[in-house]
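Read top to bottom, the protein sequences are chains A and B. Residues are numbered in the working numbering as their position in the first sequence, beginning at 1, plus a constant of 675. Residues are numbered in the working numbering as their position in the second sequence, beginning at 1, plus a constant of 675.
Hints should not be assumed to be uniformly reliable.
If chains are identical, the list can't say which one is meant, so a pair holds when it fits in one copy or spans any two.
Restricting the straight-line Cα-Cα distance to at most 30 Å, the calculated cross-link-like pairs of lysine-lysine (DSS-like) are [stated by the list, open to error]: (1) Lys-814 with Lys-723; (2) Lys-697 with Lys-767; (3) Lys-767 with Lys-682; (4) Lys-760 with Lys-701; (5) Lys-723 with Lys-822; (6) Lys-697 with Lys-963; (7) Lys-679 with Lys-900; (8) Lys-871 with Lys-727; (9) Lys-864 with Lys-901; (10) Lys-900 with Lys-682.
Please keep in mind that the hints were generated in silico from the structure rather than gathered at the bench. Model, not experiment: these values are computed from the prediction.
Here's the letter readout for the chains.
There are 2 protein chains.
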Amino acid sequence: MAIKFAKRMEDLKASEIRELLKLTEKPEVISFAGGLPAPELFPVEEMKEISKIVLDESGTQALQYSTTEGFPPLREQIAKRMNSKNKTNVTKDDILITNGSQQGLDFAGKAFLDEGDIVLCESPSYIGAINAFKAYRPKFIEVPTDKNGMIMEELEKILETTENIKMIYVIPDFQNPTGRTWPLERRKKFMEIINKYEIPVIEDNPYGELRFEGESLPSLKSMDKKGLVIFLGTFSKIFCPGYRIGWTCASQKILSKFIFIKQGADLQASTISQREVSKFIDLYDLDKHVEKLKEVYERRRDLMLETMKTEFPEGIEYTHPEGGLFTWVELPSHLDSRVIMQDCLKNDVAYVPGGSFFPNGGKENCFRLNYSNMPDNRIIEGIKRLGEVLKQHMIVKENI
Amino acid sequence: MAIKFAKRMEDLKASEIRELLKLTEKPEVISFAGGLPAPELFPVEEMKEISKIVLDESGTQALQYSTTEGFPPLREQIAKRMNSKNKTNVTKDDILITNGSQQGLDFAGKAFLDEGDIVLCESPSYIGAINAFKAYRPKFIEVPTDKNGMIMEELEKILETTENIKMIYVIPDFQNPTGRTWPLERRKKFMEIINKYEIPVIEDNPYGELRFEGESLPSLKSMDKKGLVIFLGTFSKIFCPGYRIGWTCASQKILSKFIFIKQGADLQASTISQREVSKFIDLYDLDKHVEKLKEVYERRRDLMLETMKTEFPEGIEYTHPEGGLFTWVELPSHLDSRVIMQDCLKNDVAYVPGGSFFPNGGKENCFRLNYSNMPDNRIIEGIKRLGEVLKQHMIVKENI
């Protein structure tokens, strides 16, 4: 006999991309590959004070085990915040604290997916969600998108003709990887369709509060009449990712399952991290902090897009995100962003090649750029380098 | 259509026990039900200082995303500690940081178990492991045990006659729930058998360092010649559980799979928690801290066992753990600990009924007692109350 892994492990192999991204970690590389917030904006001084206060006020409780559902005052703060920002009408009992919103993705897979079940998602979609779901061996159907997100006619066509769809995964606000946002009408139409077919929806909303322009739109969860929408939120993008504090907001029927899953998966989120995040919200103005982030990210988005405008060769398209962290670049269809990435790395600049964002593969003439993590001057320099490499590849092709 | 959960959710229902345990949370209840460390021994003052130092020295890194494998200096400290305490020969590259060791249990299930695969475990075994594995729908075979843990002849008989055994889950040191420890000879025999059959072993070791008497024994991992043993460790019992920092130590072939799983499950453990635990080990003497814990827990174990000796009626057996957190009580076979628990709750004392520790069920005349969490006087008072209830049940039966 020899060690035999579960079948699912065949689908979770070391990806080409993962290996590639390791090369972007060298300090000389200007990396637009990650999805990291700007570290210089983290409230380091405030958290020094907060951790002292939490340990002073409740040291033994903060270092002990606590409930699987999470710290009740934090769950209350989150419910209140969602009701204000996402136009929902939820209470702390609808909230489970998770290790970042990524854990909610894993739990959704665990709760809903048997082998061979079908997941619908936007095409392209978030690579981390695709990988989390893959552990449960579903099939993916990618719903076509346009500049306003998922196309509702296409969604309906698929729902009408497909058996065994167990859940639909969407990012309506500043999508990862495209930066696109669904307009209000499309959200309404989506919920109309969902209520008809009664399929659970994972609404992943890590960036919703980071809107630089345009009007804030109600979440799908706020239009959820039948308890079908599972809203995933996180403090990683509006506060700091280092604490790994996110949440799942869902109807009791679904949340109770997620709580059992959490119990088996790791008992509970960090007690002290939950109390520290909660105390920060108590003592500081998180809205004001988010305002500061938005100011910086908007400037960086503008810098990136402006520099792309002057430095990229003709024939390349990219999105204009109204918020969030990413823009999405589409090259002429004959170009392969994995090949170009090799040359980028030689020039110490990096992005994530687009192919991995399509769960069923096949589209390689695109890539994702992050603008939140690099300082202004590195954004300009990085886009210039990238422009040079792209020019070479466009020219090479023309000469063949 | 209506919401359809995955088949695994049928096995993860609200347990009777879970509901029962909620009743033990009232402050007036003397609860021996949990597995909580003594909060008054947590290094609260030290952690106040540590969190300031970590944020001073590396605030922006501590609050940012970091690698899935974990903070390299902490992984090094763990490897060094394991080599000293558990007699292994491992390096930081063999270590993955997890959210407590519970997460390693979930990952083991995910890595090895397809539906219907077989898991071997001690009978009884840790309820949290059973529940973590259940999410992957295996069958359990309970290997009979005696006062020295798993019986090797029984193990061999099962291995000889059973197909499709994917992993073996064991707690050789101060087992949960029985408090029993495998002697050296049995460990050697176990590894001999394992090397022959080449089946992955989960060695769960949350309590190993908490030995009050007898000689420390080498871990199974230290005798692992073929990379079959997956060692799960945690800081929850020797430091504090509130940070949720544990680890998995395994051969590259297995650890690489766990790393992919971690990436999909929640990206990484808390950056700041990892740095704080690491800094504590740097600046303080964790061994000295563990000595203090052992002193208190040994006294509480003695108090509990001595009080049981005088207060429990005749005909009840219980283990004498050489370390760890639990003792295991066996009642005459006609008694049901779930029924007795109802009367215990009326008298504000609680334990965990034993049935849930048997994955295939069927044995109800036993229960688990924890002695680490309650202060000395509450241990004496609680055992007295428990003794009263037990006497009533023994007498009732005799009168029938």
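Within, between, both or neither: how does the pair Lys-723, Lys-822 come out at a Cα-Cα threshold of 30 Å? neither (43 Å within a copy, 50 Å between copies)
30 Å Cα threshold - placement of Lys-727 relative to Lys-871: neither (51 Å within a copy, 54 Å between copies)
My question is about Lys-814 and Lys-723: at a cut-off of 30 Å on alpha-carbon distance, are they close within one copy, between copies, both, or neither? neither (46 Å within a copy, 49 Å between copies)
At 30 Å max between alpha carbons, let me know whether Lys-900 reaches Lys-682 within a copy, between copies, both or neither. Between copies, since 26 Å is at most 30 Å while 38 Å is not.
With identical chains treated as interchangeable, where does the CA-CA distance between Lys-767 and Lys-682 reach 30 Å or less: within a copy, between copies, both, or neither? Classified as between; 28 Å across copies, 38 Å inside a copy.
Go through the copies and call it for Lys-697 and Lys-767: within, between, both or neither, with a Cα cutoff of 30 Å. between (40 Å within a copy, 18 Å between copies)
Identical-chain pair category, Lys-760 with Lys-701, by Cα at 30 Å: Neither. Shortest intra-copy (38 Å) and inter-copy (36 Å) distances fail the 30 Å Cα cut-off.
Is it within, between, both, or neither for Lys-697 and Lys-963, if the alpha carbons may be no more than 30 Å apart? neither (35 Å within a copy, 39 Å between copies)
Evaluate Lys-864 and Lys-901 at a C-alpha cut-off of 30 Å and name the case that applies: within, between, both or neither. Result: close within a single copy only, 15 Å intra versus 57 Å inter.
Which holds for Lys-679 with Lys-900 at a C-alpha limit of 30 Å: within a copy, between copies, both or neither? Classified as between: cross-chain Cα gap 18 Å, same-chain 45 Å, threshold 30 Å.
Violated hints for the displayed structure, listed by number in ascending order: 1, 4, 5, 6, 8.
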